[in-house]
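Number of protein chains: 2
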Amino acid sequence: MAVSDPIPTARASNPAIDDARLLMRGTARLLLDLGITAIAEFTLPCGRRADLAGLGPKGEMVIVEVKSGVQDFRTDEKWPDYFAWCDRFYFAVSDRFPADMLPEQTGLIIADGFGGAVVRESPIAKLAPARRKALTLKFARNAAERALRAI
Amino acid sequence: MAVSDPIPTARASNPAIDDARLLMRGTARLLLDLGITAIAEFTLPCGRRADLAGLGPKGEMVIVEVKSGVQDFRTDEKWPDYFAWCDRFYFAVSDRFPADMLPEQTGLIIADGFGGAVVRESPIAKLAPARRKALTLKFARNAAERALRAI
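Each protein sequence line maps, in turn, to chains U and H.
Letter by letter, the first sequence follows residues 1 to 151 of our numbering.
Letter by letter, the second sequence follows residues 1 to 151 of our numbering.
If you are wondering where the hints come from, they were derived from the structure by calculation, not from laboratory data.
Some hints here could point you the wrong way.
No distinction is drawn between identical chains; accordingly, a pair holds when it is met within one copy or between any pair of copies.
[Claimed, not checked] Once the Cα atoms are required to be at most 30 Å apart in a straight line, the calculated DSBU-like pairs of lysine-lysine come out as:
| id | residue 1 | residue 2 |
| --- | --- | --- |
| 1 | K126 | K78 |
| 2 | K58 | K133 |
| 3 | K126 | K58 |
| 4 | K138 | K126 |
| 5 | K58 | K138 |
Required output: the full structure, derived from the provided sequences and hints.
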C-alpha cells in the first residue's frame, strides 16, 4: 500500500497516536525483566535503525520495532529487513492498536510506558555465527559509547 | 612488599594522590581517540573489577588499571590477574607517578583529566575465541544496561 493512501477505518479506530518513546521505554523494561538488555535506536550494518535491539544472556539478538499507530505500520514496507539481523523479531504496540493487522510470523508485544507483555512469541531464526559476532561487537561498542558519557 | 611497609621516598616524591576518576576520564578519552570504546568499572568473570575495559573495532579487548599513586600500586598484588581477560593491558598514571616502578611487560598510559598518551605499548596476548566471545557479550550487556538508563 502506498504511503499516500488514506486509511479511514484504521484511523477512525485509532484517533490518537501513541507516544513511541513511552512504548519504547515500557518495552525495554519488559525485555530487561526477561533477561534481555536492550538499547534504543541501534543502527544495523544495513543502515536501518532498530527501535530497540537487545542481547539475551546467551547472546540471543532481539529486535523490536515500535509502532505508534496503524499509519506508522502501513508506511513501513521494510520491516522484513530486520529478520536478517536478529534471532527474534517483535512488533511492540499499545493495546489500542489493531493487533490483527500485524504479520503472524512476527512476535507481538503489547506495551505502555511502564512495561508490557509478550502476547505472541517470535519464531526463532538463528543468526549465522559470523554475523552474530559482528553484530554483538557493534552493539557492545555502541552501548559503551553511550555509557561513556556518564564517566 | 607488604602492604604495611612504609614507602617514604615514594611518598615524598608524590605528596598528593591523583584523582583516579579524572585519570579514568582522560584515559577513556584517549582510548576513544584510538578507536577503543571503554566503560568504567567492568566486573570480570573472575569477580575483579577493571577500572576501564574497552573494545576495539576488531573486538580487541583492552583493560586499563588506573593508579592514583605509588601506594595504590604497591597494595595491588593481583593486577597480573587481568592478563587472562584482555588482549592488551595498561597501567594509567599521571606524569607525577614514578613510571619506572611499573612492570615492563605492561602497557603504560600517562593521563590527566582531559586526555593522555600511550607511552609504552602493551604486549599482545590474544584471548581464546570462546573467552573473547563470552567477555564481549558480558561487556555488551553491561554497557547496554548503563545506556538503558538514558531511555
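Self-check item: Numbered hints the structure breaks, given as an ascending list
Solution: none
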